[in-house]
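Start counting the sequence shown at 1050; every next residue gets the next number (my numbering).
No wet-lab data here; the hints were simulated from the structure.
The model shown is predicted, which means the values in this text are computed figures rather than measured ones.
Be a bit skeptical, because a hint or two may be false.
[To be verified] Here are the simulated DMTMM-like pairs of lysine to aspartate or glutamate, each with C-alpha atoms no more than 20 Å apart in a straight line: (1) Lys1136 <-> Asp1159; (2) Lys1055 <-> Glu1067; (3) Lys1136 <-> Asp1064.
[Said to hold, decoys possible] Listed next, with one range per pair, are the computed distances between beta-carbon atoms: (4) Thr1129 <-> Phe1108: 41 to 49 Å; (5) Ala1188 <-> Glu1112: 16 to 24 Å; (6) Thr1180 <-> Trp1097: 17 to 25 Å; (7) Ala1069 <-> Phe1216: 30 to 38 Å.
The beta-carbon is built from N, C-alpha and C at its ideal position, and this holds for glycine as well.
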Amino acid sequence: MPETSKAFRFFELADRREYAFCQSINQVVKFRPIMRYFQLVSRLGDGWFWYALILAIAFLEHEIGAGLALLMTLTGLTCTLTYKLLKRWLIRERPFISFPSINCGTPPLDRYSFPSGHTLHAACFQTILFTTMPKLALATAPFTLSVAASRVVLGLHYPSDVVAGAFIGGLMGYLSATYFFSTSLSFFSG
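All chains, full assembly: derive it from the sequences and hints.
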């Protein structure tokens, strides 16, 4: 059987196991202020928060800003390509599609669920910041955690989508910061 069939069967079983947890977490959208908060976080997590932060770093950090901004931009593009390929290959439906009792708190950017692209990017950028600018990383950590939580709260992802996105993004951010940060700095300083 093709790999897609194996992935489909695996996700079907995982979906049933995660359904009750997703449904209970999703119930917080009944409280309008909480729903609005996670909708705002989700919208900013579409990229707007990170774009603004990357631009600010480029202009405000004289020694490392340009190199770090370039690194984050290129790594972010790699993250986008990675999660889009994984979603097309693995084809996991979103919780609100598979289980109508789960409310969709905001329209998704694409059809499939695994892995969470929002979480992947947030974990990637957060890891790069922890490696290069720890004080800024501490300031952005609550936003990153809120982005990850928003995916389940809004009925867009299963917890395993978020965990996988965090793992993949964290790994990509770590590898990028560890192996390419000094290269991007030397490019801009010399």
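Unmet hints by their number, sorted upward, for this structure
4 and 7
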